[in-house]
Every structure is written in C-alpha cells, then in structure tokens.
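2 protein chains.
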Amino acid sequence: MPHPISISDAEWDVMRVLWDAPGPITANDVVDTLKQNARTTKTYLNRLLKKGAVAFEAKGKVYWYSPRVSRDECVRTEGRSFLARVFGGDPAAMLVHFVRDAKLSPADVEHLRKLLKEKEKGGR
Amino acid sequence: MPHPISISDAEWDVMRVLWDAPGPITANDVVDTLKQNARTTKTYLNRLLKKGAVAFEAKGKVYWYSPRVSRDECVRTEGRSFLARVFGGDPAAMLVHFVRDAKLSPADVEHLRKLLKEKEKGGR
DNA sequence: GACAACCGATTACACCCGTAATAGATTACG
DNA sequence: CGTAATCTATTACGGGTGTAATCGGTTGTC
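Keeping their order, the protein sequence lines are chains A and B.
Its first residue numbered 1, the first sequence is counted upward by one per residue in the working numbering.
Its first residue numbered 1, the second sequence is counted upward by one per residue in the working numbering.
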C-alpha cells in the first residue's frame, strides 16, 4: 500500500464527520456538525484533499466530499503509531493500561471477555 | 495539576529511556541507547528541560538527567488524547479495536481476562 | 600553558499544524 | 445587468517538531 497518509488532530475531527455520514456531504455540513469556524474547517478539507485522504465531486460551485481512505485503515495506522510512541510497541502493556484506566459498562466488559476467549482458542 | 506537558514523538523516545533507567543518566547514555545523532538527542533533552519534563544535576560539566514527570501521568494524558482523537472518546470501541488488532501471547490473554473479571465484580 | 576534545546553549531551517483572512470566481437576486 | 452573497483557492503567521550545525566555555592532555 502506497498509503501512510498522516492525519492531524484537527483533521481527524473532519474525517470522523465524513466517515459517519451516509454519503458525500458539503463543507458546510461539516462546519455545522463541528460548529467550528467555517474558514478553518475548509482549510482542513483542503489539506485532506492534498493528502489524498478525501475526494470531492463538484456540483455547481459546491463540492461534495467523501473519504478516500477507510476509517479502519487510519485507525490501525494511528493505533500502531501510538503503540510505538507510548508503549514502545508492547501491545499487552497497552491493553493492561487501558483496561485499568477505562470506564467500562458491564456489557462492555462482557463483550471484551468474549473477544478474548475467542482469541484464546481461535488464535490468529 | 498545572501539568499538561506535551511530549512529542521523538521526545517520547528520550523519556522512555529516562524512565527505564534506574537513576539519573547522562545525555550520552541516552544517545548510546537510542543510537541517534548526538546533537539531535541533546536538542530533545533541552526541549524537555524547557518543558519541565526532565530535571538535571550538574556534575562537573556533565549533566545527569532524570524524569520530572511520571510515566504513568504521561501515558494517561497521551492515552486520553489518542482516545479522543481516534475513537471520539469511546473507550470500549478502542479496546475492542486493540484486542482484535493486537498480537497477544496466551499468557497476555489470560492476564487480561483476569483483569476484566476483577473489574466486573470489584468495580472501578 | 597551548591546544584539542568535549559539553551544554544557542541558532538554523524547513515542514506541519491550528487558526484564519483575503482573493478570485461564480452564482443568485433584484 | 449589476451587485451582493457565497464558494473554493491562496496566502498568512506564530508555534511546534525533526534534524542538526555552530558557538562559547571547560577540561583533560602533552
């Protein structure tokens, strides 16, 4: 994959809006959702365009934007970088930390235990 | 707490070396461990000093450095920021992702399951 | 005592980032 | 048609970051 696109903090906000949308949306849709300064948000969209993280289709003078990279791919990339930076690449240490630190509902806990159980036998 | 010190990527490498050390160490110790350019590493130490993330004691012309902020505090801060950025603040979603994505030894899995079990009853 | 080696401090520099204003084109309205 | 509104594109700018070279002082060595 020729893709290690790096998405900044503020750009993540924009990407999450795009990923959550059911289809292409306009810059103003993003602005309305984020309730941030319109100029600023449009700058982010532009930078994401340059990076190849989003695509657009022009209708009249308005652009309709959509993600060009998958959320999952970006989450994985960002996660690996975080893991390397903060935990020196040790995933178990990271999980221990988060399990300790996170506020989880009983249902969440149940879900995670199930996942771990599968992981235990299923392997992979 | 007057402390939301922000530590950059490259600075984390330095901090991890300091945290892992049993006591104060010199800039050259850090250089030797990281095997990065000495000038560069020293720049990082200087910036960390300015930020108040490390302290030093001069012995002769050599400085002996030690962390001034706890690893745990920094990990927590960084973790929260990551959680907000990538998962919009949903800890369960993050854990599910990492449990799925991480390579874990059977012992790791066992450990995590135990932690979750405690969390389930003990709460908090 | 002179000079080389070495150390931390200062300076450099290009790029990214958050934040936004301005410019230029196009459209909508009266 | 002319003017106002509205898009996107371009430009701005201060601060952080990765990367490193230079400066100025101290120290160790001959």
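Any given hint could turn out to be false.
Unchecked claim - Cβ pair distances, simulated, as ranges:
1) A:G52 with B:A21: 37 to 47 Å
2) B:A55 with A:K117: 24 to 34 Å
3) B:D20 with A:G52: 37 to 47 Å
4) A:S81 with B:G89: 10 to 20 Å
5) A:K103 with B:A58: 16 to 26 Å
6) A:I5 with B:G23: 21 to 31 Å
7) A:K117 with B:A93: 14 to 24 Å
8) B:S70 with A:S105: 48 to 58 Å
9) A:W19 with B:R80: 29 to 39 Å
10) B:T43 with A:H97: 50 to 60 Å
11) A:K61 with B:A21: 58 to 68 Å
12) B:G23 with A:G88: 16 to 26 Å
13) B:K50 with A:L115: 40 to 50 Å
What the hints assert, rightly or not - Some chain A residues near chain B, calculated using beta-carbon distances under 8 Å:
14) K59
15) G60
16) Y63
17) G89
18) K103
19) P106
20) D108
These are computed hints drawn from the structure, not numbers from a lab.
Quick reminder that beta carbons are idealized off the backbone N, C-alpha and C, glycines included.
Grab the minimum C-beta distance from A:Y63 to chain B and call the hint holds if it beats 8 Å, violated otherwise.
-> With a minimum Cβ separation of about 24 Å from chain B (threshold 8 Å), the hint on A:Y63 is violated.
Does A:K59 pass the interface check with chain B, least Cβ-Cβ distance below 8 Å?
-> Violated. Min distance 29 Å.
Agreement of hint A:G60 with chain B interface, Cβ distance less than 8 Å | violated, 32 Å
Pairwise beta carbon distance, B:K50 to A:L115, judged against the given window 40 to 50 Å = Hint holds: Cβ distance 43 Å, inside 40 to 50 Å.
Do the beta carbons of A:K61 and B:A21 sit within 58 to 68 Å of each other?
-> holds, 59 Å
For A:K117 and B:A93, compare the CB-CB distance with the range 14 to 24 Å and indicate the outcome.
-> holds, 19 Å
Does 37 to 47 Å hold as the CB distance between A:G52 and B:A21, or does it fail?
-> Between A:G52 and B:A21, where Cβ atoms are some 42 Å apart, the hint holds.
State, for the Cβ atoms of A:I5 and B:G23, whether the hinted interval 21 to 31 Å holds or is violated.
-> violated, 42 Å
For B:G23 and A:G88, compare the CB-CB distance with the range 16 to 26 Å and indicate the outcome.
-> holds, 20 Å
Kindly confirm whether 29 to 39 Å is satisfied by the beta carbon distance between A:W19 and B:R80.
-> Given about 21 Å between the Cβ atoms, the range is violated.
Do B:T43 and A:H97 keep their Cβ atoms within the hinted range of 50 to 60 Å?
-> For B:T43 and A:H97 the Cβ distance comes to about 29 Å; the hint is violated.
Was the hint right that A:P106 lines chain B, CB cutoff 8 Å?
-> holds, 7 Å
Against the hints set out earlier in the document, violations occur for numbers 2, 5, 6, 8, 9, 10, 14, 15, 16 and 17.
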